[in-house]
Amino acid sequence: MTSHRGGWTRPRGLLAAVSTVALLSGAIAGAIAFSATGDSGQATYTYAAPTVAAYHATPTTAEPTASAATTSIAAPTATAGVAATDPATPTLVPAASVTPTLADAWSATPYLATPAPDAALSPAAFELAAAIESQWGVRVVVAGQDWGPDEAAQIRNLGALTDALGSLPSNVVSLATDNSHGSLSVLSNEGGRTLAGWQPYGQGAANFYATQDWDGNAHTAASQIVLQTGADRVTIAHELLHAYQMRNAPSGSYGQALLTDEMGAFTAATGWVQIVSDEELQSQVHGSWEEIAALFRYDGADLSYVSETGEAVEAYAPNPIEAFTAIGALIYAAPDGTELPDWAEYRLWFEANLG
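Following numbering that gives the first Met the number 0, the numbering of the sequence shown begins with 0 at its first residue and continues without gaps.
Think of the hints as simulated: they come from the structure by calculation, not from any bench.
These figures come from a predicted structure and were not determined experimentally.
Cβ coordinates follow ideal geometry from the N, Cα and C atoms, glycine included.
Among these hints, one or two may not hold up.
[To be verified] Computed spacing ranges between beta-carbons, pair by pair:
#, residue 1, residue 2, range
1, Asn216, Gly181, 16 to 26 Å
2, Asn216, Leu347, 22 to 32 Å
3, Asn247, Glu350, 19 to 29 Å
Whole structure, please, built from the sequences with the hints as guidance.
Okay, here's the thing in structure tokens:
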């Protein structure tokens, strides 16, 4: 999940990735394919044999909107960058229902990108970024990033980060922004690039959380949220919840969050049923996202809702890890006008355990 394909359900998708060792342990193979149906407005999801990580692919527009169209994402050519693994077969990613999440399970070839030129912040935006760092203790990365083409966009996008941080309980933010993986850095660019220039999901835009980085030679421990330029507060809250969720998991081993007492309690309280033995669960937490999802059955509340624009949306939650971040982000950070169901089990659990 260090690349999170998290769920951008506004459609804010959420897709999580699980890696065996480093964020992508040197190899990022694995894919999650999504397809949206045009008749019902409901999104359907098919898995295409992911093997190592989990990720949130996002549309290239800053403000994705619901659409029945499905976009084909082709793997970049080897000449476009330094491939970290052999190219994998491209999969279909729904044009509008992708979610932000963790980094690691997509079929695109990972790349190292040439550092991008700085997109200078306006004085007002720079002041806001400094205020965010001072108040929340996160590093707002400016060099080589794109927080928007002009002052209005920069203020709006940094404001979404402020809103997301302010929407979550203070104890959650504290543990998300400074934990065993270090202090949190927040990036914004259209290439899905980490601080080292690593593009675990290829050359497209993506929203994800990563506990590892890669400089072409070695993996290093990290705590980074990479945002697509223009990501909204629900998307950012989703990724912050991944950072909280993975606070004690070994670097690059996202599935191990399932073994914590906290995730066990969440799973039991919200209708998720573990359908394998504890021993099998422990042996599979380093598996692909597909393998992780197959360990559970969902018998809980319907996860559809009405967005602030009046669109019927189904939150993408293929397993308890993504349900935690997808539903949690909506409960804490949904924009005014969003019509959420009662979701009593989820609300009660979050209130009792996170605040």
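Comparing the hints with the structure gives:
no., hint, verdict
1, Asn216 - Gly181: 16 to 26 Å, "holds (20 Å)"
2, Asn216 - Leu347: 22 to 32 Å, "violated (48 Å)"
3, Asn247 - Glu350: 19 to 29 Å, "holds (22 Å)"
Of the hints listed earlier, the one the structure fails to meet is number 2.
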